[in-house]
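Protein chains: 4
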Amino acid sequence: MTDLTAAKGVYAIAPTAFHEDGWVDEASNDRYTDFCVESGCTGITVLGVMGEAPKLDMTESVSLASRMIKRAGIPVIVGVSAPGFAAMTSLTKAVMDAGAAGVMIAPPNTLRTDDQIVGYYAQAAEAIGTDVPFVVQDFPQTFSVIMTPGVIRRIVQASPNCVMIKHEDWPGLEKISALRGFEADGSMKHISILCGNGGLFIDFECERGADGAMTGYAFPDMLSDLVRLQAEGKRDEAHDLFDAHLPLLRYEQQQGPTGLAVRKYVLMRRGVLASDAQRRPGVALSAKARAEVDYLLSRVARFDKRADVGGISRAA
Amino acid sequence: MTDLTAAKGVYAIAPTAFHEDGWVDEASNDRYTDFCVESGCTGITVLGVMGEAPKLDMTESVSLASRMIKRAGIPVIVGVSAPGFAAMTSLTKAVMDAGAAGVMIAPPNTLRTDDQIVGYYAQAAEAIGTDVPFVVQDFPQTFSVIMTPGVIRRIVQASPNCVMIKHEDWPGLEKISALRGFEADGSMKHISILCGNGGLFIDFECERGADGAMTGYAFPDMLSDLVRLQAEGKRDEAHDLFDAHLPLLRYEQQQGPTGLAVRKYVLMRRGVLASDAQRRPGVALSAKARAEVDYLLSRVARFDKRADVGGISRAA
Amino acid sequence: MTDLTAAKGVYAIAPTAFHEDGWVDEASNDRYTDFCVESGCTGITVLGVMGEAPKLDMTESVSLASRMIKRAGIPVIVGVSAPGFAAMTSLTKAVMDAGAAGVMIAPPNTLRTDDQIVGYYAQAAEAIGTDVPFVVQDFPQTFSVIMTPGVIRRIVQASPNCVMIKHEDWPGLEKISALRGFEADGSMKHISILCGNGGLFIDFECERGADGAMTGYAFPDMLSDLVRLQAEGKRDEAHDLFDAHLPLLRYEQQQGPTGLAVRKYVLMRRGVLASDAQRRPGVALSAKARAEVDYLLSRVARFDKRADVGGISRAA
Amino acid sequence: MTDLTAAKGVYAIAPTAFHEDGWVDEASNDRYTDFCVESGCTGITVLGVMGEAPKLDMTESVSLASRMIKRAGIPVIVGVSAPGFAAMTSLTKAVMDAGAAGVMIAPPNTLRTDDQIVGYYAQAAEAIGTDVPFVVQDFPQTFSVIMTPGVIRRIVQASPNCVMIKHEDWPGLEKISALRGFEADGSMKHISILCGNGGLFIDFECERGADGAMTGYAFPDMLSDLVRLQAEGKRDEAHDLFDAHLPLLRYEQQQGPTGLAVRKYVLMRRGVLASDAQRRPGVALSAKARAEVDYLLSRVARFDKRADVGGISRAA
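In order, the protein sequence lines correspond to chains A, B, C and D.
Going by my numbering, the first sequence opens with residue 3, and the numbers climb by one from there.
Going by my numbering, the second sequence opens with residue 3, and the numbers climb by one from there.
Going by my numbering, the third sequence opens with residue 3, and the numbers climb by one from there.
Going by my numbering, the fourth sequence opens with residue 3, and the numbers climb by one from there.
Simulated from the structure, these hints should not be mistaken for lab results.
Please read these numbers as outputs of a predicted model, since none were measured by experiment.
Worth double-checking, as some hints may not be accurate.
Listed next, with one range per pair, are the computed distances between beta-carbon atoms [to be verified]: (1) A:5 to D:112: 44 to 54 Å; (2) D:286 to C:288: 52 to 62 Å; (3) A:242 to D:112: 42 to 52 Å; (4) C:124 to B:111: 23 to 33 Å; (5) C:143 to D:286: 48 to 58 Å; (6) B:310 to A:258: 52 to 62 Å; (7) C:125 to B:40: 57 to 67 Å; (8) D:211 to A:5: 47 to 57 Å; (9) C:29 to D:3: 38 to 48 Å; (10) A:211 to D:112: 38 to 48 Å; (11) C:36 to A:124: 52 to 62 Å; (12) D:24 to A:124: 36 to 46 Å; (13) B:125 to D:36: 18 to 28 Å.
Straight-line C-alpha distance at most 35 Å; calculated DSBU-like pairs for lysine-lysine [what the hints assert, rightly or not]: (14) B:10 to C:191; (15) A:290 to D:10; (16) D:95 to A:290.
Where a beta carbon is used, it is the ideal one built from N, C-alpha and C, also for glycine.
The task is simple: from the sequences and hints, build the whole structure.
Structure (structure tokens):
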């Protein structure tokens with residue numbers, strides 16, 4: 003089994019490709035899987051918030067994850083967040099049987115106190131099985147659950163199967179430093195820290211001690227290069243690359259269905275997805291927004307040719 | 003098919019009975035079903051918040067609801083709230099096929115604006131099928147979603163299959179008057195209004211125009227009597243009965259697992275459930291709390307013999 | 003100076019009386035002050051949530067509090083909650099100079115983590131001056147801030163000037179037991195626990211170890227009797243008295259301006275306030291609601307003559 | 003009086019300068035005022051969220067605003083948000099008497115329904131005086147209040163003195179288009195739209211019809227240039243300038259005291275403020291964070307010499 007505590011690089015957050023009529027588009031999902039591998043990703047995370055997971059029923063969820071696990075050849079983490087442990091456990095069992103490297107669990111947005119958060123993860127860790135590696139998703143902007151570094155340490159120390167943090171707090175740089183400080187002073191075991199939040203701070207997050215990115219920005223190839231450059235100590239080159247993408251990356255980093263619509267649109271322009279459709283309820287980009295994204299792509303392309311998607315949008 | 007817009011009386015919110023080890027206790031659930039019928043309930047609602055629905059997986063949910071539908075012989079409404087429409091639709095189809103009278107849908111707690119709320123119910127109404135009657139659960143204390151009377155009217159008018167409000171706003175008396183006013187002035191079609199919130203205002207809710215109760219207070223027999231007395235115009239008698247129960251009813255009306263623990267404990271004392279166990283994660287009443295409930299039962303029993311459960315708790 | 007850690011009995015939460023035109027009604031506020039003393043209250047708390055404090059400017063606030071302090075002859079606690087420490091400190095200094103026994107501080111509803119809550123009170127305790135006794139208001143339903151017993155202990159232990167909890171969590175009985183347990187095991191110094199939440203659980207709160215009530219139910223005389231009966235070990239008598247009032251008390255216990263409207267209306271019917279007006283923005287009771295309260299008063303009066311306010315409402 | 007409905011350009015959100023000991027630093031505030039004028043700002047907004055307004059008492063607030071109004075010679079808008087209308091009205095009167103161009107009002111975070119939001123602004127508009135121009139602050143990330151375009155239209159149409167939106171919703175581009183569409187179809191009168199959110203989308207916001215920026219990014223001179231370039235139709239130049247600043251601007255755009263700490267630090271590095279101190283409770287940048295900001299400044303300086311603040315931080 004993959005030791006996820008040692009995970010580094012880029013775990014792409016997979017969108018789920020749909021046909022215009024709402025059915026899962028398997029060919030596009032396959033293409034996305036291949037695209038991640040070719041982009042240098044070290045893993046993929048499927049059925050996350052940006053994967054429209056709640057719109058899939060259990061059968062679709064298991065099918066999608068299993069197909070990706072089989073095809074990818076790199077570790078796949080599966081989002082199993084659910085309103086109750088029964089559904090979480092069922093999905094976990096199915097995807098672990100299918101070969102998942104681990105699962106990701108977001109906190110229900112009713113949690114408030116430190117003890118509630120720690121208690122929830124202790125229960126979840128036991129419910130899914132103490133042999134199943136799990137990732138804590140720390141994303142206060144979306145889940146309204148605020149975990150201090152001390153709370154994360156309590157979760158990590160309480161559950162041997164807690165192997166990774168998907169870090170997307172904001173402001174969050176000092177949190178990474180604090181967690182790595184806990185490891186340095188021996189008060190917390192080592193875990194992998196992969197950063198989300200659309201990559202908006204990934205340039206500095208790597209410098210603070212994060213192991214890489216877990217996000218779905220439509221250029222995982224850029225993210226892979228960035229993490230590699232930082233690992234090689236090529237700081238200025240890393241920032242040059244990041245800065246060239248930042249205007250687009252920032253545009254994609256809009257919460258909820260709007261950000262996802264941008265992401266899917268770019269992936270369509272790059273030839274990965276056949277459509278940028280979201281399953282209902284979703285949003286479609288306005289003509290103005292598509293033109294804005296096209297403009298941003300053309301500007302990124304001056305620096306990074308991978309953004310040169312041709313002058314005419316297939317979706318125009 | 004039952005015309006739920008004409009529903010009156012008491013729809014009991016069914017708890018889900020579990021054995022101490024966490025497995026569903028079918029015998030107790032059967033006994034509860036019979037108990038509701040004997041108590042004069044006109045319907046049952048299963049898989050609601052107080053039914054620990056999120057702790058059940060899909061198979062258990064369908065099995066539990068189907069068994070109750072088959073046994074009850076009175077209309078059964080099934081809670082199908084889910085984080086996405088895929089799971090909601092699957093469960094709805096299964097239980098409607100099994101003979102459910104309709105489904106109940108709570109709003110996700112991310113909804114904020116009027117349009118978001120109205121839009122959500124329009125999408126849900128379409129997702130489950132426009133031939134499936136549904137109940138809107140209006141419970142701001144738990145869901146953090148606030149629906150004005152105007153918003154409820156928009157939902158009702160937009161969806162022919164919206165047949166009932168489970169009213170549990172608080173303060174909520176003026177809302178009932180406002181909704182009945184909409185019906186009177188012709189701006190909203192008639193729907194059934196059944197009131198929840200543990201029954202804490204059911205005495206006056208009936209007087210304001212509600213059709214009855216949809217709540218799980220451990221004395222559905224009292225609630226049935228109360229609604230009948232109000233319908234017969236016996237106001238003082240209705241209040242006398244209600245007031246005798248209010249100290250206990252108030253004690254049971256504690257949000258979340260504590261209130262449920264009281265409810266299950268009383269149902270156990272009344273011989274309906276074999277155990278007051280909640281599936282994990284849950285809470286158990288402290289010895290002090292059990293003694294307090296026993297004391298309250300003994301006081302209610304001075305007025306209503308149905309509360310005379312014997313001097314010694316089986317659970318002591 | 004009054005030792006508030008030893009406070010017992012009833013601290014009435016004072017409403018602020020206004021004339022119909024919105025100006026402060028000093029005569030009614032004086033009458034309320036006298037009424038509290040005559041009702042056996044051991045203290046008064048002014049400028050709380052139900053005192054419409056945010057609608058008063060600083061001059062009015064200080065004037066109102068000072069007048070009450072001077073007149074009452076019993077300890078007066080003043081609500082000084084404010085969005086920042088500058089305003090809090092100014093008001094605290096003014097009312098302490100005027101003879102207040104202490105101040106009450108509610109948590110801003112942006113606090114989430116344990117450390118944020120503890121940190122806030124540490125800063126507040128220092129900002130107001132470490133010689134100023136303060137009360138922590140623990141009211142999650144209104145403030146959305148959840149304090150575990152452990153967090154309260156941290157606050158109490160960190161600040162020698164923390165002298166009291168206004169307990170209005172719900173469910174909250176086990177929290178009282180937990181806090182008294184901390185005192186028993188020596189891990190927390192003794193503080194006074196006075197209970198709010200409209201008095202809805204005051205019957206059992208006293209039995210769990212609370213020192214009394216801090217709430218504004220329009221019958222502080224009943225609350226005084228209740229606390230005394232419980233102190234004398236007359237449990238059944240205490241519950242008989244409480245139960246007689248519970249239907250009305252429950253009706254008054256509606257969050258926000260509706261509950262306040264009921265309270266002011268009853269105080270007007272009892273001859274204490276000249277008007278039930280709220281300063282804008284506020285709500286007025288509907289004719290139906292007034293009739294419901296009149297009905298409840300008449301029912302309470304069968305047991306407690308103090309509720310016999312005459313057959314005709316002055317406000318009808 | 004300035005017609006704020008015609009406001010264009012950049013209204014700088016003023017931080018409040020403090021000495022290290024917490025006292026207001028008048029010299030720095032004066033320097034900041036002059037700096038805004040020299041930077042081409044068309045107005046200043048003082049006592050906003052990022053102005054640490056809640057930490058100032060009433061006297062300090064009035065003094066700070068009055069001094070800035072007198073010195074600036076350009077319109078000054080004053081934040082008057084308060085938990086109640088009494089304090090809001092007092093502050094409004096004081097600053098309007100001192101010559102403010104208008105006031106800004108944020109919604110209390112307890113508002114949920116459309117009617118609550120519209121009602122609040124109607125009451126506020128009347129409370130401050132219908133002759134006082136006011137700005138609606140639309141900032142869901144901070145206030146948790148979500149205003150649809152339709153709700154904003156209702157507010158604008160209901161109150162003749164509503165003159166401007168401080169737009170900082172996110173995603174928010176379509177909202178600007180929707181509001182300008184309302185003006186085009188005649189359903190809403192013209193108002194000024196100035197954009198906040200740290201400027202993170204100001205490049206496209208101008209293209210969507212916004213009149214400019216109201217934000218506190220430490221380079222108001224860049225923002226002025228950007229808005230001017232967009233007005234002149236120099237789109238590519240505008241984006242080139244924006245993109246050069248985006249890495250730093252993004253870093254400053256961290257919610258709460260962290261973002262403010264970055265802002266004050268850069269203003270200190272630029273020689274405007276003598277200190278980056280926040281009044282307690284506040285945060286100080288870590289040494290790592292300061293080094294990161296220095297690095298970002300050096301990178302911006304390759305394109306924009308105004309970011310060349312010298313190699314050695316005064317604060318190092």
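Now for the hints, and whether the structure bears them out:
1. For residue 5 of chain A and residue 112 of chain D, the Cβ-Cβ distance of about 48 Å falls inside the hinted range of 44 to 54 Å, so the restraint holds.
2. Checked against the hint of 52 to 62 Å, the C-beta distance between residue 286 of chain D and residue 288 of chain C comes to roughly 54 Å, which is consistent with it.
3. In this structure the hint that residue 242 of chain A and residue 112 of chain D lie 42 to 52 Å apart at CB holds, the actual value being about 46 Å.
4. A hinted range of 23 to 33 Å for the beta carbons of residue 124 of chain C and residue 111 of chain B is consistent with their spacing of about 32 Å.
5. Under the hint 48 to 58 Å, the C-beta atoms of residue 143 of chain C and residue 286 of chain D, about 36 Å apart, miss the expected range.
6. Take residue 310 of chain B and residue 258 of chain A: their Cβ atoms lie about 55 Å apart, and the range 52 to 62 Å holds.
7. At about 59 Å, the beta-carbon gap between residue 125 of chain C and residue 40 of chain B stays in the expected band of 57 to 67 Å.
8. Range check, residue 211 of chain D to residue 5 of chain A: about 53 Å between beta-carbon atoms, so the 47 to 57 Å window is met.
9. Separated by about 42 Å at the C-beta atoms, residue 29 of chain C and residue 3 of chain D satisfy the suggested range of 38 to 48 Å.
10. The hinted range of 38 to 48 Å is satisfied by residue 211 of chain A and residue 112 of chain D, whose Cβ atoms lie roughly 39 Å apart.
11. Checked against the hint of 52 to 62 Å, the C-beta distance between residue 36 of chain C and residue 124 of chain A comes to roughly 55 Å, which is consistent with it.
12. A hinted range of 36 to 46 Å for the beta carbons of residue 24 of chain D and residue 124 of chain A is consistent with their spacing of about 42 Å.
13. Between residue 125 of chain B and residue 36 of chain D the C-beta distance comes to about 54 Å, which lies outside the given range of 18 to 28 Å.
14. Restraint check: the Cα-Cα separation between residue 10 of chain B and residue 191 of chain C comes to about 54 Å, which exceeds 35 Å; the hinted pair is violated.
15. As the CA atoms of residue 290 of chain A and residue 10 of chain D are separated by approximately 23 Å, the hinted pair is consistent with the 35 Å bound.
16. About 43 Å separates the Cα atoms of residue 95 of chain D and residue 290 of chain A, which puts this hinted pair outside 35 Å; it is violated.
In summary, the structure is inconsistent with hints 5, 13, 14 and 16 from the numbered list given earlier, while agreeing with the others.
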